[in-house]
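Participant: Residue numbers (our numbering), protein chains in the order written: chain A, 1 to 501; chain B, 502 to 830.
Bear in mind the hints are in silico, worked out from the structure with no lab data behind them.
Just so you know, even glycine gets a beta-carbon here, dropped at the ideal spot from N, CA and C.
Misleading hints may appear alongside valid ones.
Stated by the list, open to error - If you want the footprint, here are the derived chain B segments under chain A, 3+ residues with CB under 8 Å:
#, stretch
1, 579-586
2, 593-606
3, 610-620
4, 662-671
5, 697-707
To be verified - Simulated crosslink set (SDA-like; lysine to any residue; CA at most 25 Å straight-line):
#, chain 1, residue 1, chain 2, residue 2
6, B, Lys658, A, Met453
7, B, Lys540, A, Phe53
8, B, Lys692, A, Phe53
9, B, Lys727, A, Asn350
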Amino acid sequence: MDALGLLLHGFQSALTLNNLFFCFIGVTVGQFIGVLPGIGPVAGTAVLIPLTFGMNPTSAIIMLAGIFYAAMYGGTITSVLINTPGESASVITCIDGYQMARQGRAGAALGVAAIGSFIGGVVAIVCLTFIGPVIARYALRFGPPEFFAVMMFGLLLIVGLMGKSVVKGLIAVFLGLLLSLIGQDPATGAERFLFNQLNLLDGIDFLVLAMGMFGVSEILLNAEKSMDMAKPPKVKGLIPPRDEWGPAAKAIGRGTALGMALGLVPGSSASIASLLSYSLEKRVAKDPSRFGKGAIEGVAGPETANNAYAGAALIPLFTLGIPSSPTVAILLGAFVMHGLIPGPLLYQKNPDFIWAVVASMFIGNSMLLIMNLPMANWWAKVARVPYKLLAPLVLLICMVGVFSVKRNVWDVGLLIFFGVVGYFMKKLQIPAAALLLSFILGNNIEFTMIQTMALSRHGLWYLFMRPISGTLMALCLVILAFSIISAIKKKRDALAADAEV
Amino acid sequence: MARREGSQGFLAIALALVAAATLAGLTPSATYGQDYPKKPITAIVAFSPGGGTDIAARVILKAAEKYIKGNFVVDNRPGAGGALGFTAIATAPKDGYTIGMINPPTVLLNPIQLGDKVKYKLDDFYPIANFVSDPGACVAPPDSTLKSMQDVVDAAKKNPDTLRFGYGGPGTSEALTLRKFEQTKGIKVRKVPFAATGPQLTALMGNQIDVMFTNASEMIPQYKNKGVRVLAVGAEKRIDMMPDVPTYKESGFDATQLAMRGLAAPTGVDPFILKILSDAMKRTFEDPEFRAKALDLSLPLDYLGPEDYMKVLKRMDAFYREEFAKDPW
Numbered sequence: 001m002d003a004l005g006l007l008l009h010g011f012q013s014a015l016t017l018n019n020l021f022f023c024f025i026g027v028t029v030g031q032f033i034g035v036l037p038g039i040g041p042v043a044g045t046a047v048l049i050p051l052t053f054g055m056n057p058t059s060a061i062i063m064l065a066g067i068f069y070a071a072m073y074g075g076t077i078t079s080v081l082i083n084t085p086g087e088s089a090s091v092i093t094c095i096d097g098y099q100m101a102r103q104g105r106a107g108a109a110l111g112v113a114a115i116g117s118f119i120g121g122v123v124a125i126v127c128l129t130f131i132g133p134v135i136a137r138y139a140l141r142f143g144p145p146e147f148f149a150v151m152m153f154g155l156l157l158i159v160g161l162m163g164k165s166v167v168k169g170l171i172a173v174f175l176g177l178l179l180s181l182i183g184q185d186p187a188t189g190a191e192r193f194l195f196n197q198l199n200l201l202d203g204i205d206f207l208v209l210a211m212g213m214f215g216v217s218e219i220l221l222n223a224e225k226s227m228d229m230a231k232p233p234k235v236k237g238l239i240p241p242r243d244e245w246g247p248a249a250k251a252i253g254r255g256t257a258l259g260m261a262l263g264l265v266p267g268s269s270a271s272i273a274s275l276l277s278y279s280l281e282k283r284v285a286k287d288p289s290r291f292g293k294g295a296i297e298g299v300a301g302p303e304t305a306n307n308a309y310a311g312a313a314l315i316p317l318f319t320l321g322i323p324s325s326p327t328v329a330i331l332l333g334a335f336v337m338h339g340l341i342p343g344p345l346l347y348q349k350n351p352d353f354i355w356a357v358v359a360s361m362f363i364g365n366s367m368l369l370i371m372n373l374p375m376a377n378w379w380a381k382v383a384r385v386p387y388k389l390l391a392p393l394v395l396l397i398c399m400v401g402v403f404s405v406k407r408n409v410w411d412v413g414l415l416i417f418f419g420v421v422g423y424f425m426k427k428l429q430i431p432a433a434a435l436l437l438s439f440i441l442g443n444n445i446e447f448t449m450i451q452t453m454a455l456s457r458h459g460l461w462y463l464f465m466r467p468i469s470g471t472l473m474a475l476c477l478v479i480l481a482f483s484i485i486s487a488i489k490k491k492r493d494a495l496a497a498d499a500e501v
Numbered sequence: 502m503a504r505r506e507g508s509q510g511f512l513a514i515a516l517a518l519v520a521a522a523t524l525a526g527l528t529p530s531a532t533y534g535q536d537y538p539k540k541p542i543t544a545i546v547a548f549s550p551g552g553g554t555d556i557a558a559r560v561i562l563k564a565a566e567k568y569i570k571g572n573f574v575v576d577n578r579p580g581a582g583g584a585l586g587f588t589a590i591a592t593a594p595k596d597g598y599t600i601g602m603i604n605p606p607t608v609l610l611n612p613i614q615l616g617d618k619v620k621y622k623l624d625d626f627y628p629i630a631n632f633v634s635d636p637g638a639c640v641a642p643p644d645s646t647l648k649s650m651q652d653v654v655d656a657a658k659k660n661p662d663t664l665r666f667g668y669g670g671p672g673t674s675e676a677l678t679l680r681k682f683e684q685t686k687g688i689k690v691r692k693v694p695f696a697a698t699g700p701q702l703t704a705l706m707g708n709q710i711d712v713m714f715t716n717a718s719e720m721i722p723q724y725k726n727k728g729v730r731v732l733a734v735g736a737e738k739r740i741d742m743m744p745d746v747p748t749y750k751e752s753g754f755d756a757t758q759l760a761m762r763g764l765a766a767p768t769g770v771d772p773f774i775l776k777i778l779s780d781a782m783k784r785t786f787e788d789p790e791f792r793a794k795a796l797d798l799s800l801p802l803d804y805l806g807p808e809d810y811m812k813v814l815k816r817m818d819a820f821y822r823e824e825f826a827k828d829p830w
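Turn these sequences into a full structure, and let the hints guide you.
Facilitator: Right under this line is the structure:
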């Protein structure tokens, strides 16, 4: 059967009442998480994983994936209306989106963001539909050296792209790699950094780290500041004026391409996609001075890019089992907990599952379009839920969530510990997302490195002797050279905003 | 006032409970267990929900509810390669309301390999029944020139240190089997560790490795649609699900490798209750509905009653201790 036939088959499963329901729950929760400042998609997805244990894997992943891409929609609303990004991929939207709202063009800003998000999201899923199986077939040629090279590539991009300074990015990456060393050594079985604690034998649980760094620390941080929201302005007229259609359409096109390209890169994130899109729009604009004063491209581009990113980021996950961003890494964890191993064989072994999830994403995006266009006013009110009610609830959900995974109080303690660590990291502007990604890549890098060494008769040269891994390793060296040069020249302004998750 | 009344009510209930507990303690054990089970029985699974052991446990326990005339609640306690969950079983209250899944040889290997960090020993368990014995399997890609285990030996002899052999990583029972394979055949292969069967199978299909050791049950779907070639299995005799596949022993490799899954209670539980449990499990094993479900899930069934199970466990334990004393693997 070709991809289209399989997709239709997937729709059959996605359109069952049960799966429709979980898709709806997923996108609604995602929209909530997107709208609510103080809880992002990483924590949101992580917190809900334990709730999916009793569900069948297809419904569970449909719901969790829904949270992931829906958060990209929701974040826009608060950015535009009250100048508070609901999640970090919408930070950049505040600049022009809020200006548009102040000029009474809030409707146009939200309209173009919703339409752009929809287009970006759907185009990315179409790619997932048709390119995914091709990559999956090709991915069988990926052996340990290739996986090692891909992940090294990702690791270098994390250092290169995240945070304001290379040094702080490096600190985060090293901390992440260090944490990933805890537990049994995959090559020799030797015990590392156990401190005689059996609880550490399997290493630190990724969920605990993620919920601590992104859930608990965020609450600690927000507790310091007043989180009372401004009253949002009324939204009128969602269709932008005719003369803005042209530039907006072009920005949406560029955002789609950019977001999709980044989605394929391990170590990137939706925030990076929207940041890069904003700077791209500014660069190609005839009159860059309009930016910051309510340029519609400044909303259309980034909002499209982060949604295209969200769709495309699932391609490396489904086909290679490599997570490109922290949220996708959480999804990977959910796959494994449901006994599904992402990778090329997933397309052969669980086609029903894959295509149901892909189909559900088309459905979910359509639901979101409806949710966001006519209901924007309502969502803006959601953002004004008093923080003093929200914070303890989120904290509670984090703790119960972590406990429920292993029924182990030790993990709850670890959660709080990483919450505090995350808090100080944010104070010191060390990017927690870089730590999290390098933590998850670290384990795999080490393992594939050991496998490569077991296969190789030429030591590390083996990596350069194979075409795919050789090319990637060469690219790694180029990136390394570039980031050293740019660090020396201090040319990091394009990404100067702190690119968190 | 309402609050005061409430607390009095609570006191009364507590007193009644204490009285009931005292009475229960005084009555002879035969009558003590007669109404067992009075409440749901907790079954600890030392691995994550959705994993092989968890799925097996849920299928077994679901079927067993009919015969025990009660309910089971699965309690997943993953971590430390199962050591946390096994410890929880061994140290559970000895009232018959907590049992658990044990996975020999993992349950035996933990105390041997991790030493005094693990707080349980084999004697802490009373094996109720074994349900599944999943043999190891030696597997090659379908188009491989390797058609038997002898081919593997020949290929390894012809080009020493060249054959790429995937296995479950150091410390696993597969690692020990591979060591034994190398030693008894006088060969040397390239040992490539894998953390899970998924990536290992991917590597095999992509010809990243030439041959691998894994579990037979996880190869059954691929075996059926000829996606892999199973060269041999590590059971005592051929298994029903792969009747044309010889055993290791038939292939000239004198070894068995079994991953077992069964139920155990902590030692010290009332024998009357243990009898109820083991009888119910025996009947569960013979239940046609259960057997059909197990076949669906590719679970290689293998029943052992309490005495036989303990004998097997003791024998395995002695074997692993002896091998470990020679040299950890």
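Participant: Indicate, hint by hint, whether the structure satisfies it.
Facilitator: Each hint tested on the structure:
Closer than 8 Å: that is the beta-carbon criterion, and the stretch 579-586 of chain B has 6 residues meeting it against chain A, so the requirement of 3 holds. A count of 0 residues in the stretch 593-606 of chain B with a Cβ less than 8 Å from any Cβ of chain A is obtained; the coverage claim is therefore unmet, three being the minimum. As drawn, the stretch 610-620 of chain B meets chain A at 4 residues by the rule of a beta-carbon pair under 8 Å; at three or more, the given contact holds. For the stretch 662-671 of chain B, the proposed coverage by chain A is satisfied: 3 residues have a C-beta within less than 8 Å of a C-beta in that chain, meeting the threshold of three.
By the rule of at least three residues with a Cβ nearer than 8 Å to a Cβ of chain A, the coverage given for the stretch 697-707 of chain B holds, with 9 such residues. Between B/Lys658 and A/Met453 the CA atoms are separated by roughly 21 Å; this keeps the pair inside 25 Å, and the hint holds. For the hint linking B/Lys540 to A/Phe53, the alpha-carbon distance of about 24 Å falls within 25 Å, and the restraint holds. With a C-alpha separation of about 35 Å, the suggested pairing of B/Lys692 with A/Phe53 is violated against the 25 Å cut-off.
Distance restraint check for B/Lys727 and A/Asn350: the Cα-Cα separation of roughly 17 Å lies within the 25 Å cut-off, and the hinted pair is therefore satisfied.
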